[in-house]
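K.L.:
Start from the sequences and build out the full structure, keeping to the hints where you can.
2 protein chains.
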Amino acid sequence: MIAEIITIGDEILIGQIVDTNSAFIGKQLNKIGVDVHQISSIRDDKQHILNALTEAQSRADIVIVTGGLGPTKDDITKHTLCEYFNDELVINEEVLTHIEQLFDKYIKSPISEINKKQALIPSKAEVLYNEFGTAPGMWISHDNTVFISMPGVPFEMKSILINHAIPKIQERFDRPSILHKTILTYGMGESRIAEIIEKWEDNLPDFIKLAYLPNLGRVRLRLSARGKNKELLEKGIKDAVEELQPLIGDIIVGYDEDESIEKVIANLLTENKLTLSLAESCTGGKIANSFTAMEGASKYFNGSIVPYATNIKSKVLGVDFGIIKEHSVVSLKVVEAMALQTKQLFGSDFSIATTGNAGPTKGDSDAEVGTVCIAIATPKGIVSEEFVFSNHRKRTIGKAMNKSLEMLQEQILKHLS
Amino acid sequence: MIAEIITIGDEILIGQIVDTNSAFIGKQLNKIGVDVHQISSIRDDKQHILNALTEAQSRADIVIVTGGLGPTKDDITKHTLCEYFNDELVINEEVLTHIEQLFDKYIKSPISEINKKQALIPSKAEVLYNEFGTAPGMWISHDNTVFISMPGVPFEMKSILINHAIPKIQERFDRPSILHKTILTYGMGESRIAEIIEKWEDNLPDFIKLAYLPNLGRVRLRLSARGKNKELLEKGIKDAVEELQPLIGDIIVGYDEDESIEKVIANLLTENKLTLSLAESCTGGKIANSFTAMEGASKYFNGSIVPYATNIKSKVLGVDFGIIKEHSVVSLKVVEAMALQTKQLFGSDFSIATTGNAGPTKGDSDAEVGTVCIAIATPKGIVSEEFVFSNHRKRTIGKAMNKSLEMLQEQILKHLS
Numbered sequence: 017m018i019a020e021i022i023t024i025g026d027e028i029l030i031g032q033i034v035d036t037n038s039a040f041i042g043k044q045l046n047k048i049g050v051d052v053h054q055i056s057s058i059r060d061d062k063q064h065i066l067n068a069l070t071e072a073q074s075r076a077d078i079v080i081v082t083g084g085l086g087p088t089k090d091d092i093t094k095h096t097l098c099e100y101f102n103d104e105l106v107i108n109e110e111v112l113t114h115i116e117q118l119f120d121k122y123i124k125s126p127i128s129e130i131n132k133k134q135a136l137i138p139s140k141a142e143v144l145y146n147e148f149g150t151a152p153g154m155w156i157s158h159d160n161t162v163f164i165s166m167p168g169v170p171f172e173m174k175s176i177l178i179n180h181a182i183p184k185i186q187e188r189f190d191r192p193s194i195l196h197k198t199i200l201t202y203g204m205g206e207s208r209i210a211e212i213i214e215k216w217e218d219n220l221p222d223f224i225k226l227a228y229l230p231n232l233g234r235v236r237l238r239l240s241a242r243g244k245n246k247e248l249l250e251k252g253i254k255d256a257v258e259e260l261q262p263l264i265g266d267i268i269v270g271y272d273e274d275e276s277i278e279k280v281i282a283n284l285l286t287e288n289k290l291t292l293s294l295a296e297s298c299t300g301g302k303i304a305n306s307f308t309a310m311e312g313a314s315k316y317f318n319g320s321i322v323p324y325a326t327n328i329k330s331k332v333l334g335v336d337f338g339i340i341k342e343h344s345v346v347s348l349k350v351v352e353a354m355a356l357q358t359k360q361l362f363g364s365d366f367s368i369a370t371t372g373n374a375g376p377t378k379g380d381s382d383a384e385v386g387t388v389c390i391a392i393a394t395p396k397g398i399v400s401e402e403f404v405f406s407n408h409r410k411r412t413i414g415k416a417m418n419k420s421l422e423m424l425q426e427q428i429l430k431h432l433s
Numbered sequence: 017m018i019a020e021i022i023t024i025g026d027e028i029l030i031g032q033i034v035d036t037n038s039a040f041i042g043k044q045l046n047k048i049g050v051d052v053h054q055i056s057s058i059r060d061d062k063q064h065i066l067n068a069l070t071e072a073q074s075r076a077d078i079v080i081v082t083g084g085l086g087p088t089k090d091d092i093t094k095h096t097l098c099e100y101f102n103d104e105l106v107i108n109e110e111v112l113t114h115i116e117q118l119f120d121k122y123i124k125s126p127i128s129e130i131n132k133k134q135a136l137i138p139s140k141a142e143v144l145y146n147e148f149g150t151a152p153g154m155w156i157s158h159d160n161t162v163f164i165s166m167p168g169v170p171f172e173m174k175s176i177l178i179n180h181a182i183p184k185i186q187e188r189f190d191r192p193s194i195l196h197k198t199i200l201t202y203g204m205g206e207s208r209i210a211e212i213i214e215k216w217e218d219n220l221p222d223f224i225k226l227a228y229l230p231n232l233g234r235v236r237l238r239l240s241a242r243g244k245n246k247e248l249l250e251k252g253i254k255d256a257v258e259e260l261q262p263l264i265g266d267i268i269v270g271y272d273e274d275e276s277i278e279k280v281i282a283n284l285l286t287e288n289k290l291t292l293s294l295a296e297s298c299t300g301g302k303i304a305n306s307f308t309a310m311e312g313a314s315k316y317f318n319g320s321i322v323p324y325a326t327n328i329k330s331k332v333l334g335v336d337f338g339i340i341k342e343h344s345v346v347s348l349k350v351v352e353a354m355a356l357q358t359k360q361l362f363g364s365d366f367s368i369a370t371t372g373n374a375g376p377t378k379g380d381s382d383a384e385v386g387t388v389c390i391a392i393a394t395p396k397g398i399v400s401e402e403f404v405f406s407n408h409r410k411r412t413i414g415k416a417m418n419k420s421l422e423m424l425q426e427q428i429l430k431h432l433s
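Residue numbers (my numbering), protein chains in the order written: chain A, 17 to 433; chain B, 17 to 433.
Check the hints yourself; a few may be wrong.
Which copy is meant is left open, so a pair is good if it fits within one copy or across any two.
As a list, the in silico DSS-like pairs of lysine-lysine whose alpha-carbon atoms are at most 25 Å apart [unchecked claim]:
1) Lys419 - Lys279
2) Lys279 - Lys415
3) Lys279 - Lys410
4) Lys315 - Lys341
5) Lys254 - Lys121
6) Lys225 - Lys430
7) Lys251 - Lys215
8) Lys331 - Lys378
9) Lys62 - Lys251
10) Lys140 - Lys396
11) Lys47 - Lys184
12) Lys132 - Lys94
13) Lys396 - Lys315
14) Lys244 - Lys419
15) Lys378 - Lys289
16) Lys244 - Lys197
17) Lys132 - Lys43
18) Lys197 - Lys410
19) Lys215 - Lys378
20) Lys341 - Lys331
21) Lys94 - Lys225
22) Lys121 - Lys133
23) Lys184 - Lys254
24) Lys246 - Lys225
25) Lys244 - Lys62
Read the hints as simulated data drawn from the structure, not as lab findings.
In this text, all values refer to a predicted model and were calculated from it rather than measured experimentally.
P.N.:
Right, here's the structure in full:
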């Protein structure tokens, strides 16, 4: 079962929008054992669309097309599909009624001629209902390939895909199994891991494929198994993961690809009724944002301060200015004082403090660009460490966050053990 | 001048990562008059890569390939390029020295055999220096097409593209002109705009194309002009924009697509030597992070506090607890007090405060999920407003940030006028 995705729209090719739809579609298809072979982003151009449809049909059982279904003149997907299928557009009464209801409820104006045209669909198409918008999804079978066309607006596409297209694919196609297992590791580089597990990798069964997904000090290892016998795949993955344990068990922090370290820490804190506060000079709010983006943050997150200007570190946070003067603003002494002050000020069990120079130019300290000091204050004491992460601002901030979380997790686990 | 982009990696096809590289590359090529015809995301599979290279070469003058250049076994781009070009891998001494320096500085361990292999490049390739990583970019001319291969790690790719690939393209190719002008509108639907400007659209010169890009109440209209005579294109776009003014001038809010509002505010503050501080209860660090991610933040950003727990709002920030008790924590009175206290505490000219309930459940207040209060303290006073944004946590936080920035910008402009 092979699928291809075609996303239509000049705005993707000139980089005005990032195509997030394809990743969403890929993930959903993958879950039901449909294998995405290629994603092609193409122009709002009739001939280009026709060529892409022909090529995709020659390789795939399912072709998913998004975009180009709006009411305006630059949207030509529907007409082009008609030409490709040698079909004609007809008014679909059900869709027309839906459009009229949407206008009545949200726009509070009569439906325009332009919007009426959104109810035109190829006569051979089955409608995939679009709860949130006026452009319907369409399902067209043609020479042993199924074509699914959906609007490019992400939340409309998602609703059509999940509620209508995926169930229909499951109903109409026999599919092989695809299983993935993601192993999250911390604190070791991709190439060092590869050396350690080389023999294990060479001995993986043929139906299992390994991929390395490195990201700022974290490396995810993704095992993908594919075949007809689901039990065999499950056993293969289980065995492979078990054999990995003695090799790199000490750097494995989790297995669920969706489980981030923030989530793991949030769960640890919540379950044990522990609280956290932050002083983020170098990381500038990034860690606070990563916790507060998750629901339930108020259960463990007391708050945070970004003492960005040097004088704020003493004036608001209460770090002794003498320490800053003596040791410089990027120093272990200062970051420890920041963490301890924050813990006290916010009345939390743990606190993280970061201070550093992310660059590109030197700031209020002589510290080399990329230098970051991190401290974790715990119920029993404090740990701190100095790093030189990189010469790239966002990378240094990202690495400082990841390292802070790693250090915090270690201290929480130590506290609980 | 036609380019195609090929992104290699199973992780894109199974939706584990979103391909943001292509949009960045598309935008940069577009700026220098190179037209991206297609973006293809393909598997880590030799035959698939070879097919994609052949197809892209048949259509394009420049083929840009990203991904598959890591040190591990699943990364096969380099070997496949060698097969395609009938070439062989040779050690590049310059790259090897660079890798050794990176290891010496950041990894503090001797270079491994696996990493040494990163210095292998096809003998026909010119190196595009990768300042931030071990996998070099490569430039290979082959049968009138130029192939550019870069690692998939976004910040490494960006640096290679901007500093090396783009200048080389500009130097080696004659290019036609492509001009874009994006018109930002607010508060009118796509189809209603289309009706109003239909005649204008029909009368656009042939070399100008119009696209509608709708997104949650905002519709961007993009005009693209293409041709040899840059002056003619400029005049065509200028005339078209002028003719649009009497038709929809009242809903046009801006023209520049690139400039984020954070960047605009950062420039305004820096140029006028003004400073900013934040109290982000509802937005939880997101606004601070958006400013501190940009270099030069220390010139205007004094700092921020995330008074997440209700008691922190009074204990650390100093908001009178009586006000919180009387008006509830999500109220205009409280958010105004937060902004004023923050401005004073951090000694800044402006401050933003947010408090709200992003959901999914109600917190320390009875406010409906999605309710957010925002205040801007200015050198002369304070403004505040209450909103109900959405029933989706991240969406509410994002909208609260955008609205805060919009309100801040308005107040800064008012102050400066």
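K.L.:
Hint by hint, note whether the structure agrees.
P.N.:
Quick rundown of the hints versus the structure:
no.: 1; hint: Lys419 - Lys279; in the structure: within (15 Å within a copy, 28 Å between copies)
no.: 2; hint: Lys279 - Lys415; in the structure: both (17 Å within a copy, 23 Å between copies)
no.: 3; hint: Lys279 - Lys410; in the structure: both (22 Å within a copy, 15 Å between copies)
no.: 4; hint: Lys315 - Lys341; in the structure: between (37 Å within a copy, 20 Å between copies)
no.: 5; hint: Lys254 - Lys121; in the structure: neither (51 Å within a copy, 39 Å between copies)
no.: 6; hint: Lys225 - Lys430; in the structure: neither (35 Å within a copy, 59 Å between copies)
no.: 7; hint: Lys251 - Lys215; in the structure: within (19 Å within a copy, 65 Å between copies)
no.: 8; hint: Lys331 - Lys378; in the structure: within (22 Å within a copy, 34 Å between copies)
no.: 9; hint: Lys62 - Lys251; in the structure: neither (48 Å within a copy, 28 Å between copies)
no.: 10; hint: Lys140 - Lys396; in the structure: neither (65 Å within a copy, 60 Å between copies)
no.: 11; hint: Lys47 - Lys184; in the structure: within (14 Å within a copy, 42 Å between copies)
no.: 12; hint: Lys132 - Lys94; in the structure: within (14 Å within a copy, 52 Å between copies)
no.: 13; hint: Lys396 - Lys315; in the structure: within (22 Å within a copy, 37 Å between copies)
no.: 14; hint: Lys244 - Lys419; in the structure: neither (41 Å within a copy, 52 Å between copies)
no.: 15; hint: Lys378 - Lys289; in the structure: between (40 Å within a copy, 20 Å between copies)
no.: 16; hint: Lys244 - Lys197; in the structure: within (17 Å within a copy, 52 Å between copies)
no.: 17; hint: Lys132 - Lys43; in the structure: neither (33 Å within a copy, 35 Å between copies)
no.: 18; hint: Lys197 - Lys410; in the structure: neither (29 Å within a copy, 27 Å between copies)
no.: 19; hint: Lys215 - Lys378; in the structure: neither (45 Å within a copy, 52 Å between copies)
no.: 20; hint: Lys341 - Lys331; in the structure: within (14 Å within a copy, 28 Å between copies)
no.: 21; hint: Lys94 - Lys225; in the structure: between (39 Å within a copy, 19 Å between copies)
no.: 22; hint: Lys121 - Lys133; in the structure: within (19 Å within a copy, 62 Å between copies)
no.: 23; hint: Lys184 - Lys254; in the structure: neither (31 Å within a copy, 49 Å between copies)
no.: 24; hint: Lys246 - Lys225; in the structure: within (16 Å within a copy, 51 Å between copies)
no.: 25; hint: Lys244 - Lys62; in the structure: between (39 Å within a copy, 24 Å between copies)
The earlier numbered hints that this structure contradicts are 5, 6, 9, 10, 14, 17, 18, 19 and 23.
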